[in-house]
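**Student:** Each chain, written out:
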Amino acid sequence: MLPYITLLLACQLAGEVTARLIGLSVPGPVIGMVILFALLLLRGGIPKGLEEVTRGLLGNLSLLFVPAGVGVSVHLSLLASEWLPISAAVVVSTLLTVAVTGLVMSLSTRGSKR
Amino acid sequence: MNGPVERIWVYLATSPLLWLTATLVAYQAANWVWSRCRMHPLANPVLLSIILLVVVLRVTGTEYRVYFDGAQFVHFLLGPATVALAIPLYRQVQSVRRSLPVLLAALCAGSITAASSAMLIAWALGASHETVMSLGPKSVTTPIAMGIAEAIGGLPSLTAVLVMLTGITGSALGPWVLARLRIDDQRAQGLAMGLASHGVGTARALQIGEVAGAFAGLAMGLNGLATSLALPLTIHWLLK
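Chains as they are written, first to last, in the working numbering: chain W, 1 to 114; chain R, 1 to 240.
Don't read these hints as lab results, they were simulated from the structure.
Selected chain R positions facing chain W (in silico; Cβ < 8 Å):
no.	residue
1	Y27
2	P45
3	L53
4	Q72
5	L78
6	G79
7	T131
8	P143
9	G147
10	I148
11	G224
The beta carbon of each residue, even a glycine, is placed where N, CA and C say it ideally should be.
Please work from the sequences and hints to get the whole structure.
**Tutor:** Take a look at the structure:
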């Protein structure tokens, strides 16, 4: 178990260092994800231990969002003063995104069936 | 002012133990409520825990900074968890290869729509610069979205809240949109749900079916990657 926790942290560390070296504004953990993905492709499979560590981490993924989310307490007045643009942007944009993505994907798959 | 209760409170207020425990208790309480509400999207456990903790902080007059000193131990795990998203992505490698061109077209169209429509609507309705920037990565899974927000001059903590609201909106109303447009291909349904509303949408897509769930998880990962690569560069280029 410990080697795989170390592997996750090492990938993240390598990602953070790479992000700063290249000067790209991509989050370090995202580059870490690409590094781990490449390692898995090279290895050609997911080690059992890594799968177990990941299950624990991703199984409680929602919990990890809570501390940052509580930061809304700092922005309550901002949310109250800009509630209209914020709620309109979130609702309209989300439904539009579902529609556009679904249509492009289904139109092309309908085309490929013929 | 120096009674035993005050002394205990002074101890608890300076130790990370109290707010770390409170975070775990609030989350499990919220999860219990969510299962009692038959996992109704509006009873989202993250939303409920946040509301609960914000109320407790208000009532006890605790600053967010003090709360975060304790809760940071949970927050830190977001980094390794993001790295771990490579595993579900790797599992989908075969189905991606098969429908790659179609998938990339839908991914591009969806990613651009998600970021640009949110930012344009907010900007047109007079939102502040920071709010517009915080809305850009709203469809991306939280750990990635917060990093993007930081990179483009948004507020990561505001983004975390907007991402949650986006997830709840998509999982509640997304299936209705798909039904109205008569999109019945599970690959398209899943890709749309996962791209527009990340993990919360992926959870909803899994209820539609296994294929929809797999494509939703894939869309969540790829949209996170695409947006984190393209959005900061586009914003820096536009604002130059």
